[in-house]
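Given the structure of chain A, go ahead and fit chains B and C onto it with the hints provided.
Protein chains in written order, with the working numbering: chain A, 1 to 332; chain B, 1 to 332; chain C, 1 to 332.
In short, the hints are calculated from the structure, not lab data. Keep in mind the model is a prediction, meaning the values are calculated, not measured. Mixed in with the good hints there might be a few duds.
To be verified - The calculated DSSO-like cross-link candidates involving lysine-lysine, where the alpha carbons are at most 27 Å apart (straight line), are:
{"no.": "1", "chain 1": "C", "residue 1": "Lys256", "chain 2": "B", "residue 2": "Lys67"}
{"no.": "2", "chain 1": "C", "residue 1": "Lys256", "chain 2": "A", "residue 2": "Lys67"}
{"no.": "3", "chain 1": "B", "residue 1": "Lys237", "chain 2": "B", "residue 2": "Lys269"}
{"no.": "4", "chain 1": "B", "residue 1": "Lys237", "chain 2": "B", "residue 2": "Lys283"}
{"no.": "5", "chain 1": "A", "residue 1": "Lys67", "chain 2": "B", "residue 2": "Lys67"}
{"no.": "6", "chain 1": "B", "residue 1": "Lys221", "chain 2": "B", "residue 2": "Lys189"}
{"no.": "7", "chain 1": "C", "residue 1": "Lys269", "chain 2": "C", "residue 2": "Lys256"}
{"no.": "8", "chain 1": "A", "residue 1": "Lys207", "chain 2": "A", "residue 2": "Lys269"}
{"no.": "9", "chain 1": "A", "residue 1": "Lys227", "chain 2": "A", "residue 2": "Lys256"}
To be verified - Now the stretches of chain A that chain B is said to cover, found in silico as 3 or more residues with beta-carbon under 8 Å:
{"no.": "10", "region": "68-74"}
{"no.": "11", "region": "178-191"}
Note that the Cβ used here is the ideal one computed from N, Cα and C, for glycine as well.
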Amino acid sequence: MSIQTSNHKRSERKAHLPFGEKREGRLYGKPILSVLQFSRDDLEEIFMVAEEMRMMVERVGTFDLLKGKVLACLFYEPSTRTSSSFIAAIERLGGSAIPINEVRYSSVTKGESLPDTVRTLEAYADVIVLRHPETGAAATAAKYLRKPIINAGDGTGEHPTQALLDLFTIREELGRIDGLTVTMLGDLKYGRTVHSLARLLALYNAKLNYVAPDLLRMPPKIIEELKQRGISQTEHKALDDVLGATDVLYVTRVQKERFENPDEYESVKNAYTITPDTMTRAKEQMVLMHPLPRVTEIAIEVDDDPRAAYFRQMEYGLYVRMALLAMVLGKA
Amino acid sequence: MSIQTSNHKRSERKAHLPFGEKREGRLYGKPILSVLQFSRDDLEEIFMVAEEMRMMVERVGTFDLLKGKVLACLFYEPSTRTSSSFIAAIERLGGSAIPINEVRYSSVTKGESLPDTVRTLEAYADVIVLRHPETGAAATAAKYLRKPIINAGDGTGEHPTQALLDLFTIREELGRIDGLTVTMLGDLKYGRTVHSLARLLALYNAKLNYVAPDLLRMPPKIIEELKQRGISQTEHKALDDVLGATDVLYVTRVQKERFENPDEYESVKNAYTITPDTMTRAKEQMVLMHPLPRVTEIAIEVDDDPRAAYFRQMEYGLYVRMALLAMVLGKA
Amino acid sequence: MSIQTSNHKRSERKAHLPFGEKREGRLYGKPILSVLQFSRDDLEEIFMVAEEMRMMVERVGTFDLLKGKVLACLFYEPSTRTSSSFIAAIERLGGSAIPINEVRYSSVTKGESLPDTVRTLEAYADVIVLRHPETGAAATAAKYLRKPIINAGDGTGEHPTQALLDLFTIREELGRIDGLTVTMLGDLKYGRTVHSLARLLALYNAKLNYVAPDLLRMPPKIIEELKQRGISQTEHKALDDVLGATDVLYVTRVQKERFENPDEYESVKNAYTITPDTMTRAKEQMVLMHPLPRVTEIAIEVDDDPRAAYFRQMEYGLYVRMALLAMVLGKA
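Excised from the complex, chain A in its bound form:
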């Protein structure tokens, strides 16, 4: 074996540095925990790198930027979409993943704490992606780690990479974010997705419309927060009130289980369903988004409409996650 030994300085590793790295870049070595941590400049840097990732994937498919880097993909809850996206992201950059989906059966159920689990994984991997059912789990874990961690959803808390990919989708599809009218439709109360996206949009000069049944309105706390930041927001019960002026229509699912009275659900559900007929009343350049999985809230006949961006949205998610991995590892 041709490895030469060196005078290893242990202190180097204690300085919170991943294996053999130089410090560089805005997000280098940092945890990705919440959309609230980002400035507009951060977002622009992420999107610039994500754009490079897109070009690279589309031209050559892969790139050895993160060769030898290992991602521990620790999912306490199953999420095929998100874990697959992160695994593909590290693999397309020449690195590799440790997929950990069996958490409920393993040492964790023997009573091990989250800080112990992540510190163990840190011994093996260069970066950790964590999905956890409890709000704040990723932030707690980050306190114990020397290496970067990315929050891939913590209960009803945050799912920052979803919000970043949503914003990147808008930027890629329409070329800009400033000046756009974004309409959010459906369950605006429980969807952490729309909360996070609204907070990111508040960094831009965008106008927000909220269309939701009474029971599922955007939480007053979020509305107040964005109002303080000077964002234009309006609430509506009918999509048609704002559809014609909408540049981005962000659809989320209205779940039957949210309603105590099934009749009430039946009476509103059609108002929150997108059909080809809906699309006839929308702008020609509108972008139709959905975080997926989609059930009935967007008719499958809409899929062929060029404005239907929800599968492209998944692809943009790959690029954003590639960018984040490269950036926290100091390689972007």
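Okay, now just chains B and C, sitting in the frame of chain A:
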């Protein structure tokens, strides 16, 4: 990062091409759904590439032919054997896999349709391998995809890569397929494996013997189909009727549960079990095959017989799957 | 494809050689089944290679020593820690893994035997890591394999790579093993970890102290075995009897379930818990170890003590497993 941007032409991706590929080869970009899609020329090309894969693996172990390619391995039913084989296949070609075995717990159980799931994975991966409990699932998925999909078993339908590896095993072990007498033994009614293999053998000048209990005979539909194609087929109840003239003995399991009357099972089971004694009455050059898992239908004492090819059969499966991945990605 | 065919000699593969290898090294091609298989020279060679792996990971993160090698990681029981460590180990050496955690659902539950399962995996992979609930499972599997297998825990039997990493931790933390006083604390009856470590320490000139409640004392069989080998051993009920003279304190968990009478557990548990106060009475250069998962037996306030080595222990485990993989594959 040293990636240069380019004037990306979106239309390129819409032309159903995987990332950065030139069109080439017979199977390039095509789904692998059924043995019925193959001509004899297709098979010869697959086997020629599989033979190259074998040489390569035996000589150097690996090869960067599919470097940077990502395989999404989507299994709605567990199948360690098949999923491991595909994962090894992509990894031995320098690519990587996203293993997805937790489907029953994830977004699918939130009601997502198969077309939505595979279109999401297509955003991350270059090729999809699908195992699904419903007949026709892979064909349905293929309609929605721009990228190639390989059917790794769809219920009682097809498992084309198993049939291809069975045929490749015969070719590698005996040097040819034309002119051989192939005897299929055991459960010929429910085994999709023997149905698919019989259909592929019909492209060659092979003679087929079927040895099965009454309850588990080869379906008349298959016999009729092969008869129309001029294949010589005979049915038997006793293996000894044909053993001495058999070049390939393909054994499948006779499951107790298939019989309403347990006594009936007990009375026939020995007739469908291969022992060292059975082997004394077989040709010296015979090839003994089994799709595995094997329980009692081949005695473990037979494993050391050089004619016992069932573990080599697994290895041939690796080469065939490597060949198929390379071919559908236009790299063979 | 630029692969050239060659006159492949099948006999080469029958000689129990992995793909394309030259024979070299002490452990080349051998199974890793038990700590009892190692001489002191073996250990020194393993630790020398593990030390090189450490230098390499700390300096450059990765190395293509096992490029193209495939590890089948077959876990019949979940163990996030151990499987993640092996997967990281092969990936940091440029190879790749087939993670198999779904064993309970797959062909195995259809009645397939362990020898058949491992022979199938051998067709795909270059080396197998096995975790199995039955004592002797890995040794049984090894009898059927041409390629190396590593025992990652077989029931109450062995977990040799854990013992190797424990010993390597001592060596790395204190620079030597000879002459040290090692105190094992807690459940010394059921913990295969302490049994294996004690056996390895018997190859060195170390002094062993056992501190355990009556119910959980080190088995007489092990004490007798080490006595025969001339090892100094003493038993104690109170840690403070030996703490001041201890160089290595190896803590294991005392499980409540081991006690018939809960009161008895309550009366002893504090004696087997390490707190910052405990550490004030320990040597300044002592190394505090634990195989993890840790529950309450080491207070989290101790984690920041520089003597707390249990998370570094996980990292040493990575290097030991990298070394073993490289060595059994003839590449170290």
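**OP:** Quickly compare the C-alpha distance for A:Lys67 and B:Lys67 to 27 Å and report which way the hint goes.
**Re:** Roughly 12 Å between the alpha carbons, so the hint for A:Lys67 and B:Lys67 holds.
Original post:
Within a Cα-Cα threshold of 27 Å, do A:Lys227 and A:Lys256 meet the stated pairing?
Top reply: violated (30 Å)
**OP:** Please work out if C:Lys256 and B:Lys67 have their alpha carbons no farther apart than 27 Å.
**Re:** violated (51 Å)
**OP:** Measure nothing beyond the straight line between the CA atoms of C:Lys256 and A:Lys67; if it is 27 Å or shorter, mark the hint as holding.
**Re:** violated (46 Å)
**OP:** Please count how many residues of the region 68-74 of chain A have a CB within 8 Å of a CB from chain B and say whether that reaches 3.
**Re:** violated (count 0)
Original post:
B:Lys221 and B:Lys189: Cα distance at most 27 Å?
Top reply: OK: B:Lys221 and B:Lys189 at ~11 Å, within 27 Å.
Subject >> Pair hint outcome, A:Lys207 versus A:Lys269 [Cα-Cα no greater than 27 Å] >> reply: Status holds; Cα separation ~25 Å.
Original post:
Taking only the CA atoms, is the gap from B:Lys237 to B:Lys269 under or equal to 27 Å?
Top reply: holds (12 Å)
Subject >> Pair hint outcome, C:Lys269 versus C:Lys256 [Cα-Cα no greater than 27 Å] >> reply: holds (9 Å)
Subject >> Outcome, coverage of the region 178-191 of chain A by chain B - at least 3 residues whose beta-carbon is closer than 8 Å to one in that chain >> reply: violated (count 0)
**OP:** With a cut-off of 27 Å on the C-alpha distance, tell me whether B:Lys237 and B:Lys283 pass.
**Re:** holds (20 Å)
Checked against the numbered hints given earlier, the structure breaks hints 1, 2, 9, 10, 11 and satisfies all the rest.
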